[in-house]
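J.: The chain contents come next:
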Amino acid sequence: MTDAALIWSYLSRDPLVWLAATLAAYWIGDRLSLAAGRKPWANPVLIAVLLLAVLLVGTGTPYRAYFEGAQFVHFLLGPATVSLAVPLWRNAPLLKRAALPVLAALVAGSVTAIVVALAVAAAFGVDDVLLATVAAKSATAPVAIGVAERMGGEPTLAAVLVLMTGLIGALVATPLLNALRVTDWRARGLSIGVAAHGLGTARAFQVNPTAGTFAGLGMGLNAILTALIAPWLLRLFL
Amino acid sequence: MIAALALILLFQLGGEATAQALALPLPGPVLGMIALVAGLALSPRLRATVTPVADGILAHLSLLFVPAGVGLVAQLDVIRSAGPALLLALVVSSLAAIAVGALTFTLVARLTGSAPE
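Chains A and B are the protein sequences, given in the same order.
For the first sequence, our numbering gives the first residue as 181, with consecutive numbering after it.
For the second sequence, our numbering gives the first residue as 1323, with consecutive numbering after it.
Same shape as in the complex, but just chain A (with noise of 0.2 Å):
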């Protein structure tokens, strides 16, 4: 064995390596996107992902043993979904002066999310597990992997399933909405945020600021909905 491999045997049992690697990953990422205009498609969680994906199969590397260091990062989920209480409390008289159609298209969307999604993954026949994982997809991550985690889905699929809503949900509402001739923002951001939550978020406040500032009510109140109903759309389809 060469000096080298030596010390990449030593490194890649640490957890540093991986939580270097994990931030690394990302700071390339974000650059990239950055370089791109910010284009919805450039998105730094993808290219991150893809570059650590790469690494650990070139590598050789089990997914338990990056995330002995990438748990670091990970854990940081559970604070995250607390702190989502700043912005939701700063939107809050937002909803006091547009409380039923915020509240109804909520409610709307949320379940539209859900059972659509479980009925296509269900007419293809996919198993119990990926239907639970599926169901909470359109809530912010760490809110769709607790759930998916608690209804018996695979939490790590969970967050590949919300990462490619958000970019689905940041790449086709423009166009949509521009096609069903919705020109109040408040109503074409409140639906954004509720079914592609940050992702779609970060995209109406690049389209329209008003949009972007209800698409974080509509991500903050999904979170707290689909939590709820979630479990209970799923039981119809298992």
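Read the hints as simulated data drawn from the structure, not as lab findings.
Think of the CB as a built atom: it goes at the ideal place given N, C-alpha and C, for glycine as much as any other residue.
Take these hints with a grain of salt, some might be off.
[Unchecked claim] Distance condition first, Cα-Cα at most 20 Å in a straight line; then the derived SDA-like pairs of lysine to any residue:
| no. | chain 1 | residue 1 | chain 2 | residue 2 |
| --- | --- | --- | --- | --- |
| 1 | A | 219 | A | 230 |
| 2 | A | 219 | B | 1413 |
| 3 | A | 219 | B | 1381 |
| 4 | A | 276 | B | 1361 |
| 5 | A | 219 | B | 1382 |
| 6 | A | 219 | A | 387 |
| 7 | A | 219 | A | 389 |
| 8 | A | 276 | B | 1360 |
| 9 | A | 219 | A | 352 |
| 10 | A | 276 | B | 1357 |
| 11 | A | 276 | B | 1432 |
| 12 | A | 276 | B | 1438 |
| 13 | A | 219 | A | 344 |
| 14 | A | 276 | B | 1434 |
| 15 | A | 219 | A | 358 |
| 16 | A | 219 | A | 388 |
| 17 | A | 276 | B | 1429 |
| 18 | A | 276 | B | 1359 |
| 19 | A | 276 | A | 390 |
| 20 | A | 276 | B | 1362 |
| 21 | A | 276 | B | 1363 |
| 22 | A | 276 | B | 1433 |
| 23 | A | 219 | A | 207 |
| 24 | A | 276 | B | 1437 |
[As the list claims (entries may be wrong)] A few chain A positions that, by computed beta-carbon distances, are all more than 10 Å from chain B:
| no. | residue |
| --- | --- |
| 25 | 184 |
| 26 | 192 |
| 27 | 214 |
| 28 | 217 |
| 29 | 222 |
Take the given structure of chain A and dock chain B to it, following the hints.
T.: Same frame as chain A, but now just chain B:
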């Protein structure tokens, strides 16, 4: 900074404990978030302490998805077999949810006389 982190973790811990004790369907951090919204509304001091650190954590929210996202490599079999069905489920449900949500908002806003901003 330390006070804010401690408070955020305590709200999470309180949420986890409540969810376990009462066997609630909500994840602990979501309960902690709901309690913190109430706390922020009630206490200007809590607002001043927690807000900057919470904003700091949320500014880098997408970084936190990476470790779970890399779990993709442990799921390659699933993605090979169920990937197309899951992708179709995501695309169709996203289109439907955005359309239904936006049209519901527009309709109810019109019915209740809530003017656009």
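J.: None of the hints should be skipped; say for each whether it holds.
T.: Quick rundown of the hints versus the structure:
no. : hint           : verdict
1   : A:219 / A:230  : holds, 17 Å
2   : A:219 / B:1413 : holds, 19 Å
3   : A:219 / B:1381 : holds, 18 Å
4   : A:276 / B:1361 : holds, 18 Å
5   : A:219 / B:1382 : holds, 18 Å
6   : A:219 / A:387  : holds, 12 Å
7   : A:219 / A:389  : holds, 17 Å
8   : A:276 / B:1360 : holds, 15 Å
9   : A:219 / A:352  : holds, 13 Å
10  : A:276 / B:1357 : holds, 19 Å
11  : A:276 / B:1432 : holds, 16 Å
12  : A:276 / B:1438 : holds, 14 Å
13  : A:219 / A:344  : holds, 15 Å
14  : A:276 / B:1434 : holds, 13 Å
15  : A:219 / A:358  : holds, 19 Å
16  : A:219 / A:388  : holds, 15 Å
17  : A:276 / B:1429 : holds, 18 Å
18  : A:276 / B:1359 : holds, 15 Å
19  : A:276 / A:390  : holds, 15 Å
20  : A:276 / B:1362 : holds, 16 Å
21  : A:276 / B:1363 : holds, 14 Å
22  : A:276 / B:1433 : holds, 17 Å
23  : A:219 / A:207  : holds, 17 Å
24  : A:276 / B:1437 : holds, 13 Å
25  : 184            : holds, 24 Å
26  : 192            : holds, 15 Å
27  : 214            : holds, 13 Å
28  : 217            : holds, 17 Å
29  : 222            : holds, 13 Å
Against the hints set out earlier in the document, no violation occurs for any number.
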